[in-house]
Amino acid sequence: MKHWTSEIVRVDNVSEEVTIVLVEKYVRISDAYASINKALHHAAIHCNRKLVLKTLNSELLEEVKEGEEEQAAAAWDLLQSADGIIVPGGFDNRGVEGMINACKFVRENKIPFLGVCLGMQCASIEFARNVLGIEGANSTEMIKEGLTEQQQVVIDMPEHDSRAVGMGGTMRLGLRTTVFLTENCKLRALYGSDEVSERHRHRYEVNPSLVPELSRNGLHFVGMGEDEENSDRVNEKKRREENDLMEKIEKLCERGGDNAVRMEMVELDERDD
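Numbering (the UniProt record's numbering), first residue to last: 1 to 273.
Only true hints are included.
Here are the simulated EDC-like cross-link-like pairs (lysine to aspartate or glutamate), alpha carbons at most 16 Å apart as the crow flies:
| # | residue 1 | residue 2 |
| --- | --- | --- |
| 1 | 50 | 83 |
| 2 | 110 | 269 |
| 3 | 50 | 12 |
| 4 | 104 | 77 |
| 5 | 50 | 17 |
| 6 | 104 | 63 |
| 7 | 104 | 135 |
| 8 | 54 | 17 |
| 9 | 144 | 156 |
| 10 | 54 | 77 |
| 11 | 54 | 31 |
| 12 | 104 | 269 |
| 13 | 104 | 267 |
| 14 | 65 | 97 |
| 15 | 104 | 62 |
| 16 | 186 | 269 |
| 17 | 110 | 83 |
| 18 | 104 | 59 |
| 19 | 144 | 92 |
| 20 | 186 | 267 |
| 21 | 50 | 7 |
| 22 | 54 | 83 |
| 23 | 50 | 16 |
| 24 | 110 | 267 |
Everything labelled a hint here was simulated from the structure, so no lab data went into it.
Could you build the full structure based on these sequences and the hints that come with them?
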């Protein structure tokens, strides 16, 4: 009990604040992002900071509607005031363009950012549009038909393609392992391990055919999903430390097909403007 008492006293006396803005879709549901909220509170305790968590409706970052001018201006001001910004998961296309706009803002203003699930997809789409110059880049979740191959930045996982097998049983679920392809990344340093196992719940992925081009331009895919179909290949590339990250990515993405590699962790090159 003494340990917990002293820990509570320490937490209660923390004064230095850190402001995190959650750019979200489900603003009317208080516990929609409960796991992220709890994780942020735990992280703040570990870092000896007082968490100031603010939520922002992503739709306010889209084209300004009549009568919402003040709300939209306040939304952008809130983004600018943040010490860090998170774009979390979600489904369907409502508010997604606002999330993509938030990703553009944090990239251009070098604000610490975490994109989870849909948030990572939005960051990849934004980068494809505004850095690679792929006009109309999007996700097959948002636009089911009509995207060119190059515009399909995010696609149904080939082995769980809902267009082929329907929505039932199409998610990648449960505890899965991600292998780091390089030691030179923040996430590897934070986890302190060559691989990490985390819980998954999604059915879309960044298009493996575009991963090399995204990486060459500064969006580095540093973690790759490992499963029974690719574990030997991943471990072979992981062990070959003499290969640089870009060479590993290009070799791994050569496969394509129904068992395409799955890149699951990404970092923006800090040197990029």
